[in-house]
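Trainee: Protein chains in written order, with our numbering: chain S, 1 to 290; chain Y, 1001 to 1326; chain D, 2001 to 2444; chain E, 3001 to 3244.
It should be emphasised that the hints constitute simulated quantities derived from the structure, not laboratory data. Certain hints may be false.
Stated by the list, open to error - Restricting the straight-line Cα-Cα distance to at most 30 Å, the calculated cross-link-like pairs of lysine-lysine (DSSO-like) are:
(1) E:Lys3133 with E:Lys3111
(2) E:Lys3089 with E:Lys3062
(3) S:Lys94 with E:Lys3062
(4) S:Lys94 with E:Lys3139
(5) Y:Lys1316 with E:Lys3062
(6) E:Lys3139 with Y:Lys1318
(7) Y:Lys1315 with E:Lys3062
(8) D:Lys2155 with D:Lys2402
(9) E:Lys3115 with Y:Lys1316
(10) Y:Lys1206 with E:Lys3139
(11) Y:Lys1206 with E:Lys3224
(12) Y:Lys1318 with S:Lys94
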Amino acid sequence: MLPSSNLILQSVLDGVFLGFLYSLMALGLSLVFGVMGIINFAHGDFIMLGSYLVWILANSLRSDPSLMSVITVPLFFTIGAAIYVAIIRPVLGKEPLIQIAVTVGVGYVLQNLALMMFRAEPRAVQISYLNFYVNLGLVSVHTAKLTSALLSLFIVLGVHYLLTKTWVGLAIRATAYDKEIASLMGINVGKIFLLVFGLGISLTGLAASLWMTFGQADPYIGSSFGLLTWVIIALGGLGGVSGLLASSIIVGVIQSLTMTLVSPSVSLAIPYIVFIIVLWFRPQGLFGKG
Amino acid sequence: MRARISSFVLPALIVVVAGATVPFLVGFNQYYVLLALQSVIIASIALAWNIIGGYAGQLDLASFAYVGLGGILATTLMTEYNITPWVGMFLGAGVSATLAFFIGYPLFRFGVKGVWYALSTAALVVILHEVSIMVLGSFDYYIPFVEGWYYLRFRTWENLYYFSLIILAFVISLNLYISRSKVGYYLKAIREDEVAAEAVGIDIRKYKLLALMTYASILGFIGYIYIVSQRTFSYKTFDSSLSVYIAIIGIVGGLGSVSGTFTAALILKVVEEYLRGYLGGVLPGLHLLLFGVLLITVGILRPEGLSTLTDALVKKVKARIWGGAP
Amino acid sequence: MMSKRSFKKAISKTMSLVIGLIIVIAVVAGVLIYMTSLPPTPTTTPTTTPTTTKPTIEKVKIGIIEPLTGRYAVFGQEAVDAARLLVDIINNELGGVRSLGGAKLELYVEDAGTDPSSAALAAERLISNYRPHVILGAYISRLTAAVAEVTEREKIPLVMDALVDWLTERGWNYVFRIAPRASAHGKAAVDFVLEMARKTNVTIRTVVVLHEDSIFGTTVANGVRSELIANGVIPNETITYAYTITDFGPIISKIRDLNPDVIFSVPYFSDGILFAKALQASGIKVKFIAGAGGCGYTDPDSIREAGEAVEYFTNTYSYNPARQTEWNKRIVQEFQQKYGKLPTEAAGIIFYSLMFVYEGLEKAGQMFPENPLNPDNLKAAFLSLDLNDSNSKAAQLYPTGKIKLAPNGENLYGGTAILQVIGGQPKVIWPEAEAGVTPVFPRP
Amino acid sequence: MSDAVLLEVVNLSKRFGGITALNNVSMRITKGEILGIIGPNGAGKTTLVNCVTGIYKPDGGKVLFLGEDITGRQPHFIALKGIARTWQKIRPFYNMTVIEAVTAGALLRTKDVLKAREEAAEILEFVGIPRSKFEVLGKNIALIEHKLVDLARAIATKPKLLFLDEVVAGLRPHEVDVIADVVKKVNREMGITLGVIEHVMRFVMNISDRIVVLHEGRLLTQGKPAEVARDPLVVEAYLGTKPV
C-alpha cells in the first residue's frame, strides 16, 4: 500500500517537532565539546537521569512535566558542576580515549543506578496538560510536541543570544577559541569551564522535562540519545546555531519518515548510515576550529 | 633470537597448559568449566581488541558487530548447509574482515579518528542490529543439537573450553608477536601521534586498516564459539553494550598490555558472575555500576590501568625463568 | 607479509622441537586424565538421582531460574514471589507431598541475568550446587533455551514459563509447558473479535496488526495473522516497533492514514500505555482494540496509569486472576496480602505450573513408590495427569480449567482468558464471561 | 660541498580561508648545506615546511625533490623519499620508551626490529642521550631530551634532507648550545642537508651556511648570514611587525 501524501506531510511535521527537541538535547553537548574539547559520552545518560527525575516529580506533585524544569535545571547545574570538579577537570587536556573512557564510566554508573532504582520497565508521566491533538485538516498537531518544539527553539536561540551578545558569552567564545589567550585577557578559564559544563548538563535537565511531556523514561534511552546527539553535532558542525538546528531537524525528519515508511524497528539505522557517510566526506566540518 | 621467539610463544603455552588443568582442578564441575569457557572467550575478544584499541589507539566500539557477523555466518552454514564450522569459522573471519575493510577503508582514508571513529563504530553495531531485525526477523535461531568435533558442539563444556583455550593462546602470541614486530612499533607510534608517525614514514591508513582487519577476523573466527556457547543467536547478538564492555576491559587492563588486558578480562568476568550469583536478586546491575566506577578511577588516577601491576608480575616470573635477563 | 619469513627463520630447530614436545605431552596427558577421570564425575551420571530409593524422602528440591537483573527483572521478580508463596502454601497448608510421606518442597532461586551466557551459568550453578529435582524458568525464550540445554543434559525436568512456540518443538525430552503458547494468545484474540463481530453484526473491513518486535511479540502477532487469514480476513498492515519506543507519533499518523476498524495490538509493558494515550489524544475512532499477549492494557498497573485511555481495551491472558474457583480466589487473595498487588501473568504462570509440579509429584509417589524422583518416572507421572477443575487445584488456577500434556510436554488444553477494561476494572469476558458482565463490542 | 640541488620549490602558494600563508615562494636547498629559514611570526616558515613534507597540500606551485615532483604527496611517501622533520611543538610518543620511539623511525629502512633497535641506539648516543635513558617512557623525560629524541627519531629515517622547526624554542641558553653542536654534527658527520627554521637569531646565524628570509608569505631575501643580518628589508620586517 502506497503511503498517502498526507501521511508523508504528517511525518515530516512530526519529525520537525522532534528535531527541535533534539537540537535542545544536542546544544549542551555541543557547548561542552566546542568550548572545553571534552568528549562527553554520558550526555544521553544525563537526559535519561533527568527523565526519571521528572517522572518522579511530576507524578508526586501531580503536575505537568514541563513545569518540572524549574527544579531540574538548577539541580542539574549543580550536579554538572560537581561532576566537572570531581571527574572532568582531572582529565582535561588528556588524550580523547581517556576522556571517552571516563565519561563512558559516568554513563555506565548512571544507567545502572537507574536500573537499580527504577528497574527496567519504561515509565511515562501520566499527567500532561497538553496531551491532545489539534486537527488542522491535512495534518494534526500534538500540542505537547508542538509546545516542546517551540520551547526548545526559544531556548536554543536564547543560548545563542547569551553566547553572542553578552559579556559571559564573549568570555566563553574567547575560551573556546584559545584558552591561553583568554586567560591572558583576564578570563578565569576554570570558572568558564565550570559554567559551561554546568550549563551543558542543566540543558539536559531542561530537555528531559520537555521530553517527558510525551515520551517515556527507561534506563537505556541514554545510549540512543547519546549517539543521536553526537550524530547531530557531526552533521551540523560546531559553533553555529543554524547548523545545529538544521541537522537536528534533518535527523528528526529522517527518523520520523523511516518509522512511517519503513518500520519503527529500524528508526536509528538510517540516521546512523547517513552519519557515517557524512563523516567520510565532511571531516573538515567536524573537527571544529581546525 | 631464541629469547625473542620464546618470548611470545612461551607465555601462550603457559596459559594453555595452566588453563588446561582448570577442568581437572574443579573436578569437571560444569559450572566452573562454563565460567572458564566464557572467561576465555571474553579474554580472547578483549585481546583481539587490544590490537586495534591498545596498540593502534583507535577506540573501537564495534566488537560484537564482527563477532555477530562471523558467528552467524558460520552457524548458518552449519545449520542450513551442514558445512563444518572448521570451514565456517574461517569464512566468518573472512566476512568480518571484509566488513572491517569496507568500514575502515573510507574512515581511515578520510581521516576519521578519535571520538568520530568511536561513534562510527558504535553506530555500526546499531546499524547491524537493526538491519538484522529486517533480515532475520525477531526470532531466536537455535542451533540444533548435533554432537561432535565436526560441529564443535558438545553436551558438556570441556571440549569447547579446550578449543577456545587454543584460540586464546593464538591471540596472546599474536599480540606479543605484533608488539615486538615492525607492525607493533608502527601501531604504537600511530596511537601516540598520527601526524608525527606519518612524518617518520608510516603509512597510517594502511597500518590502521591492517590492525582493524586483524582484529575483525579474529572476532569473526571466535563468533561461532561465542554463539555455540550461547545456544541461540538473534539480532540481539549485535550487542552494543557488550561491545562497550570489551573496550572497558581493554582500558581497565591498560592499553597495549597483554597481561593487563588478560587479567582485567578474567577479573571482571569473575566479579560479574560472583555478583550475579550472590547479589543478583538484591541489586540489579551492580556489577556494571562497579565497572563504571572502576573505569572512572582508572581514567583519572591510573591511565595505564592494571598493566603496571601485571607487567611487574610478569617481569618477576620471567626473572625466575631466565635468571634475570628480560 | 614480512612476518612469515622472519618467523620461520627465527625458530631454531631445537626450540621448535621443545615446543612441539611440550604440546604433545600436554595434549596426551590432558586426554588421558580426561578419559580416566570421566566416570566418577556427576555430569555423566545423570540417571541416578542422589536421593536414595528408600521411601523416606524428606524434601523435594525445586529450582527456579528467572531474570532478576536487567531488562526483564520485573517479570522474574514477580515469578519468584509467586513461587515463594506457593511453596509456602504447599508445605504448610497442604502438608507437603503426601504420597512421598509429606516431603516438603524446597525452593532454590537463581538469577538468569540478561543473556544466554548468564542463563547457562545460572543453570549450571544451580545444578552443581543443589541438583534440584525439577526446575522452573526462565520467562525469556533465549534464556530458557540456554537453561533447557543444561537441564536436558542433566535429565532434570524443566517446566517452562516462557511462551514462545518453538521451545517445545526442539525434541527436548524433559521440558514441559503448562502455559498457553504465544501463538495461542494471538489466535484467541482473533477468535474473540470475529465471534463478537458476528454476534453484533459489525463488519470488519480494515485490520491493523501492531506489535512490539521481540520474539514474543512477533510470535503472538504471527498467531494473530495466521488466524485472521484462516478466517478470510487479510490484515491491511502490520506495524512493528521496539518496545523501548519513546514516541508513538509516527505510528499514530500511520494509523490515522489507514483508518482501521480493528487494531490487534501486542504491547510489551508501558508501550501499551503510551499507545493507548496517544490514540486517545489523537481522537482517531477505532471500533475495537484487541490486545494480545498478556501484558499491558488490562493489568491493574496499566489501568491505573492509563486511566480512561484503555477503557474497553481487551487483552489475552495466560492467567485469569478473576477466575471464580476456590483455589484461584484463595491464592490471589494470599498473594495480594503478602505482596500488596494483584498477580499478573508472570505470577499466574508460576501458580499453576508449580501447582502442576506438586500434583505431578503426588502422582509420581503413587505410580513409582520405589523411585518417584527419577526424571523418567517424573515425566511419566506428568504425562499421565489429566486435570480439570474438579480433580485438581492446578486446573482451578488455569484459564481453561483443563491440563493434559502432550508427549512433547505442551498442554493440550492450553488457552487464554480475555479480559476487558469495563468501568476501570478488568473483567473476564471470554471464553465465558464472569457473572453479571457482558463484553462491550464495538467500543461506544 | 657540491652544488647539486636537493630540493627545489617553485612558486609555492597556500591559502587558509582568506589568508595567504604562502605566496609564490620559490627557493632551493643544495646538497650538504645548512639553510636557515627565518622570518617574523606568521611569515609562513612552518607552512612552507608543512607543504614540502606533505602535511598540507599546496594550492599552487611545485615541490621537486632530487628532480622528482612530490607536490601534494602523502607525508609517509615523502619521508620514504628522504625528507624528515622535527616539530615546533614537540610531538613525542609519550607511552613508548625513548629507544622504541627512535626504533619506529629506523624501521622505515628495515624490517628487522633488532637491527632497527641497534641503529636507534647508535643514533641516540650520537645525539647525546645516555644509554641509561633508553628504557624511560617518553612522558618521563625533560624538554631538552624530548628535542633530542625527536631529532634522533627523524635522523633514524635516514633522510637526505632534514627540517628542524624551531628546535631550540623554549630551551635555556646553555641547552641551545648543546643543540647547536648536535645539529652541526648531524650535518658534518652524517652528511644530512638541513633546513633550519628559527626564531632565535643567535642560534641560526651561528650554524647556517645560507639564510632565506620569509615575510608575510613571500620570500623577502636570501644570502649569507652576515649579509642578511645587515639587509635593511630584514631589519624593517622584524622591527616593523614585532616590537621587542
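Trainee: Work down the list of hints and note, for each, if the structure agrees.
Mentor: Now for the hints, and whether the structure bears them out:
1. E:Lys3133 with E:Lys3111: holds, 24 Å
2. E:Lys3089 with E:Lys3062: With Cα atoms ~27 Å apart, lysine 3089 of chain E and lysine 3062 of chain E stay inside 30 Å; holds.
3. S:Lys94 with E:Lys3062: violated, 38 Å
4. S:Lys94 with E:Lys3139: Judged against 30 Å, a Cα distance of about 13 Å means the pair holds.
5. Y:Lys1316 with E:Lys3062: Judged against 30 Å, a Cα distance of about 57 Å means the pair is violated.
6. E:Lys3139 with Y:Lys1318: holds, 26 Å
7. Y:Lys1315 with E:Lys3062: violated, 53 Å
8. D:Lys2155 with D:Lys2402: holds, 27 Å
9. E:Lys3115 with Y:Lys1316: The given pair, whose Cα atoms are some 27 Å apart, holds under the 30 Å limit.
10. Y:Lys1206 with E:Lys3139: holds, 27 Å
11. Y:Lys1206 with E:Lys3224: Roughly 43 Å between the alpha carbons, so the hint for lysine 1206 of chain Y and lysine 3224 of chain E is violated.
12. Y:Lys1318 with S:Lys94: violated, 33 Å
Violated hints, in rising order: 3, 5, 7, 11 and 12; the structure is consistent with all others.
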